[in-house]
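A.B. asks: Sequence:
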Amino acid sequence: MSETVSFILVFALITGMVGVVYVSGFSGLQDARDAERFTNAERAFDVMADNLADIHHEDAPSRATELKLAEAQLLLGQSHSVGVDIAGRDATDDPEKSHQPIVFRTGSGSELVYENGAVIRTDPGGGAVMLREPDLVYRVVGDERVLLVPMILTNPGGDRTNVGGSRTVLVRVEHASTERFLEATDTTATLSLDTTPERAPAWERYLEDELGRECELTGAAASTVTCSDIPADRIQVTATYLSVEFD
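By this note's numbering, the letter at position 90 of the sequence shown is numbered 91, and the numbering carries on one by one without gaps.
A few of these clues could be false.
Result set (EDC-like, lysine to aspartate or glutamate): computed pairs, CA atoms no more than 16 Å apart in a straight line [what the hints assert, rightly or not]:
#1 K98 to D248
#2 K69 to E97
#3 K98 to E37
#4 K69 to E43
#5 K69 to E199
#6 K69 to D86
#7 K69 to D47
Derived by calculation from the structure, the hints in this document are not laboratory data. All values reported here derive from a predicted model rather than from experimental measurement.
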């Protein structure tokens, strides 16, 4: 009788250990697959950002990028704005434009976002990393301080703005138009960029580093980055309008 009981206990112990190893091994394998999928998405977003740069810099009429979803979601996010307030100029002449960023979202909540020329990664545990910087320029050229603000504005080009599943999606982007605003000289500017509370710190770090001055998070949700009184001898602002479709 005692041998039977011992056998049952040993068998139960072995079965339990096998179950633990299986569960932990499966979880680890799933984590590795998720990490690989996200890495592949990062590569695709880098290619897409290069393609969009061709439109902005080279006046290419359109570009298309393939992206495999792998149980993820691709969408155009909520509308945000970017604006430049130039001192001494009528507020109605100050450029302020809206756009909808391109968002790749996994089931775990991690996101890759193409937003105004930048690629940003966010994770549900907190923290945002700018993987690719935008084209904003603030530097001394000769004896001039020059501020160049290119707005890369992605917005819907069709009815399909949200796709999901495991399919391969073709992201089609067309150059709708480019607007060049009146150049300003010998003045200051305030740059404001509205985004999400998760991505705002990444933008704040980038802008502070690029502009060499402190910026602040404003708004009720601390989702707007504001950089005030940027001195410049020459300020140029452009807006490139891009129409985005998912096929």
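A.B. asks: For every hint, state whether the structure bears it out.
C.D. replies: Results of checking the hints against the structure:
no.: 1; hint: K98 to D248; in the structure: violated (26 Å)
no.: 2; hint: K69 to E97; in the structure: violated (34 Å)
no.: 3; hint: K98 to E37; in the structure: violated (36 Å)
no.: 4; hint: K69 to E43; in the structure: holds (11 Å)
no.: 5; hint: K69 to E199; in the structure: violated (25 Å)
no.: 6; hint: K69 to D86; in the structure: violated (40 Å)
no.: 7; hint: K69 to D47; in the structure: holds (14 Å)
When held up to the earlier numbered hints, the structure conflicts with 1, 2, 3, 5, 6 and fits the remainder.
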